[in-house]
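Work out the full structure, taking the sequences as your base and the hints as a guide.
Each number in the numbering used here corresponds to the 1-based position in the sequence shown with 36 added.
Please note that a few of the clues may not be correct.
Label-pair distances were calculated between CB atoms; the ranges are [to be verified]:
| hint | residue 1 | residue 2 | range |
| --- | --- | --- | --- |
| 1 | L114 | D55 | 17 to 23 Å |
| 2 | A143 | K63 | 42 to 48 Å |
| 3 | K39 | L138 | 26 to 32 Å |
| 4 | L134 | V71 | 25 to 31 Å |
| 5 | L138 | K83 | 23 to 29 Å |
| 6 | L140 | L56 | 32 to 38 Å |
| 7 | N45 | F131 | 25 to 31 Å |
No farther apart than 30 Å at their CA atoms in a straight line, the calculated lysine-lysine pairs in the DSS-like style are these [what the hints assert, rightly or not]:
| hint | residue 1 | residue 2 |
| --- | --- | --- |
| 8 | K88 | K39 |
| 9 | K63 | K42 |
| 10 | K83 | K39 |
| 11 | K88 | K42 |
| 12 | K42 | K83 |
| 13 | K146 | K88 |
Note that these hints are calculated values from the structure, not bench results.
Glycine is no exception: its CB is placed at the ideal position from the N, C-alpha and C atoms.
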Amino acid sequence: MEKLRKFENVHLLLWLAKDLSWVMDWKILGMLMIVPTVSLAIWFCWKTWNEKSELAFNLAVAAWIMANGIWMTGEFYLEDGTRPIAMWFFLAGLFFILRYYLRLYIANRKARLENQP
37 MEKLRKFENV HLLLWLAKDL SWVMDWKILG MLMIVPTVSL AIWFCWKTWN EKSELAFNLA
97 VAAWIMANGI WMTGEFYLED GTRPIAMWFF LAGLFFILRY YLRLYIANRK ARLENQP
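As structure tokens, then:
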């Protein structure tokens, strides 16, 4: 898990470089940065597949980065025409987090009910 944490720091660096390229309107670098940033996010999902709490957040991050990449592409080349597509990825990320917390809430509530006298 410590190895994964080190890669998370690299991932943050890639993500910041992608977003800086976006805000600075560096189209080529921004588009190039999508590939390693999204790839590493997907790799995190794969590595945490059996750890449900980690997976939920990694899926949300992957969806968020994909949404950012789609939105950035739209702003760079398609007159901001990809926001509706990006919105679905943002909603998917929100879904992963809400589903995790809902399942946690249900499990805790069930445990409390079973332990009542």
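Structure-based check of each hint:
Judged by the Cβ atoms, the range 17 to 23 Å given for L114 and D55 holds: they are separated by roughly 19 Å. The supplied range of 42 to 48 Å is met by A143 and K63, whose beta-carbon atoms lie about 46 Å from each other. A beta carbon spacing of about 31 Å between K39 and L138 agrees with the range 26 to 32 Å that was offered as a hint. Our hint of 25 to 31 Å for L134 and V71 holds, since their Cβ atoms are close to 29 Å apart.
Look at L138 against K83: about 24 Å separates their beta carbons, and that is inside 23 to 29 Å. Taken as a hint, the range 32 to 38 Å holds for the pair L140 and L56, whose Cβ atoms sit roughly 35 Å apart. A hinted range of 25 to 31 Å holds for the C-beta pair N45 and F131, which are about 27 Å apart. Distance restraint check for K88 and K39: the Cα-Cα separation of roughly 19 Å lies within the 30 Å cut-off, and the hinted pair is therefore satisfied.
Between K63 and K42 the CA atoms are separated by roughly 28 Å; this keeps the pair inside 30 Å, and the hint holds. For a cut-off of 30 Å, the pair hint linking K83 to K39 stands: about 11 Å separates their Cα positions. Among the hinted pairs, K88 with K42 is consistent with the structure: their alpha-carbon atoms are about 20 Å apart, no more than 30 Å. Annotation: proposed proximity of K42 to K83 holds, straight-line Cα distance about 13 Å (limit 30 Å).
Between K146 and K88 the alpha-carbon distance is near 18 Å, which keeps this suggested pair within the 30 Å criterion.
Checked against the numbered hints above, the structure violates none of them.
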